[in-house]
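K.L.:
Here the sequence shown is numbered in this note's numbering, starting from 5 and rising by one per residue.
You may find that some hints are simply not true.
Computed beta-carbon distance windows for the label pairs [what the hints assert, rightly or not]: (1) Arg-35 with Pro-81: 39 to 47 Å; (2) Ala-232 with Thr-92: 32 to 40 Å; (3) Arg-35 with Gly-242: 21 to 29 Å.
Calculated pairs, SDA-like style, for lysine to any residue (alpha carbon to alpha carbon, straight line, at most 20 Å) [what the hints assert, rightly or not]: (4) Lys-200 with Thr-108; (5) Lys-213 with Thr-105; (6) Lys-213 with Val-170; (7) Lys-200 with Lys-87; (8) Lys-148 with His-137; (9) Lys-236 with Thr-105; (10) Lys-148 with Lys-213; (11) Lys-148 with Val-135; (12) Lys-148 with Phe-99; (13) Lys-236 with Leu-143; (14) Lys-188 with Leu-143; (15) Lys-188 with Ala-45; (16) Lys-200 with Val-170; (17) Lys-200 with Ala-54; (18) Lys-213 with Glu-169; (19) Lys-87 with Phe-99; (20) Lys-213 with Asp-28; (21) Lys-213 with Leu-25.
Derived by calculation from the structure, the hints in this document are not laboratory data.
For each residue, glycine too, the CB sits at the ideal point set by N, CA and C.
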Amino acid sequence: MALATMTWLLAAPARAQQSALPADLVALDTREGEALLVESAARADYFHIAGHHTTQETPAACGIASAVTILNALQVPAPLDDKLGIQTFTHGDFFNSCTRTVYTPESVARGGTTLAQLADLLRCHPVRVDVVHGEDTTLEDFRKRLAENLADPTNFIVVNYLRSEVGQEYTGHHSPLGAYNSAKDRVLVMDVARYKYPPTWVPTESLYKAIRTTDLVSGRSRGYLVVAAAEKPPGPSGERSARSPLRILGGIAAVVFVAGFGLGVIVGAWRTRRKLARKA
């Protein structure tokens with residue numbers, strides 16, 4: 005177990021660049037963090053994810069890094085990487101002709117991905133994806149799912165949560181989960197922003213509250229994905245997102261702008277006609 009932890013540490017960026025964790029969060033690379041992993045019954049996923057744990061390449065690419073980590077951990081057929089000369093998923097070759105119909109790399113770079121968007125991007129690869137929104141599950145169901153899935157290495161969980169609810173910075177984020185310690189009721193978040201936070205043990209209730217927060221882009225609560233290998237890519241579901249508050253406000257702003265512009269043109273034309281009439 006100590007060797008597995010050290011394997012992650014040797015591959016990780018320098019800890020000096022990482023942010024400090026609040027007192028109620030426990031980093032994996034501490035004595036307490038290692039003990040939590042050793043004592044966990046549901047820890048099978050950790051050993052598969054640790055060997056493929058990917059760092060997000062841009063601030064908005066946490067979903068893509070999580071997807072790449074999971075696809076490599078599942079060992080599904082991967083594209084040939086020209087630079088490495090091996091078959092593996094990377095940020096670059098994750099996007100294919102199918103994923104680009106869902107969401108382009110440029111769109112991800114601008115605004116990241118919602119839970120549903122990430123699910124459809126993954127469905128362009130040979131995996132089966134179940135989407136669970138935080139608003140549709142209870143804390144007890146969440147605990148049960150963690151205990152079952154994190155003990156089963158044939159499927160993995162990617163969680164979409166609001167960082168501030170667990171005491172970190174105020175942003176939405178995606179990351180895979182590695183283990184669940186039911187005795188201490190903590191879940192191990194394998195943070196893909198590895199330059200910022202190490203794998204961290206988070207109180208389950210805090211993470212549950214974090215997945216129930218509303219994503220203003222989709223208009224729905226955050227949540228988690230359960231990903232397992234499939235024989236072939238199922239393709240995107242095409243499910244439409246709820247009407248987003250941001251989109252609604254954007255639509256209202258656009259209408260107000262157009263109406264104001266139109267009114268300005270009318271008033272300007274009227275004033276011009278009055279001036280011409282006076283001169284005549």
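K.L.:
Given a hint of 39 to 47 Å, does the C-beta separation of Arg-35 and Pro-81 actually sit inside it?
P.N.:
Given about 40 Å between the Cβ atoms, the range holds.
K.L.:
Hinted pair, alpha-carbon criterion (20 Å max): Lys-213, Thr-105. Please report holds or violated.
P.N.:
violated (32 Å)
K.L.:
Between Lys-200 and Val-170, is the straight-line Cα distance small enough, at 20 Å or below?
P.N.:
The hint holds at about 15 Å.
K.L.:
For the pair supplied as a hint, Lys-148 and Lys-213, confirm whether the alpha-carbon distance does not exceed 20 Å.
P.N.:
It holds: about 16 Å lies between the C-alpha atoms, which stays within 20 Å.
K.L.:
Measure nothing beyond the straight line between the CA atoms of Lys-236 and Thr-105; if it is 20 Å or shorter, mark the hint as holding.
P.N.:
Holds, at roughly 18 Å.
K.L.:
Verify the proposed pairing of Lys-213 with Val-170, using a straight-line Cα cut of 20 Å.
P.N.:
Holds. Lys-213 to Val-170 sits at ~8 Å (cutoff 20 Å).
K.L.:
Sort out whether Phe-99 lies within 20 Å of Lys-87, counting only the CA atoms.
P.N.:
holds (17 Å)
K.L.:
Against the 20 Å threshold, does the CA-CA distance of Lys-148 and Val-135 hold or violate the hint?
P.N.:
Holds - the C-alpha atoms of Val-135 and Lys-148 are around 16 Å apart, at most 20 Å.
K.L.:
If you draw a straight line from the CA of Lys-188 to the CA of Ala-45, is it 20 Å or shorter?
P.N.:
holds (11 Å)
K.L.:
Check whether the Cα positions of Lys-200 and Thr-108 lie no farther apart than 20 Å.
P.N.:
violated (26 Å)
K.L.:
Quick one, are Lys-213 and Glu-169 close enough, alpha carbons at most 20 Å?
P.N.:
holds (7 Å)
K.L.:
Would the pair Lys-148 and Phe-99 pass a check requiring their Cα atoms to be no farther apart than 20 Å?
P.N.:
Between Lys-148 and Phe-99 the Cα gap is close to 33 Å, so the pair fails against 20 Å, i.e. violated.
The structure fails to meet hints 2, 3, 4, 5, 7, 12, 13 from the earlier list, while all remaining hints are met.
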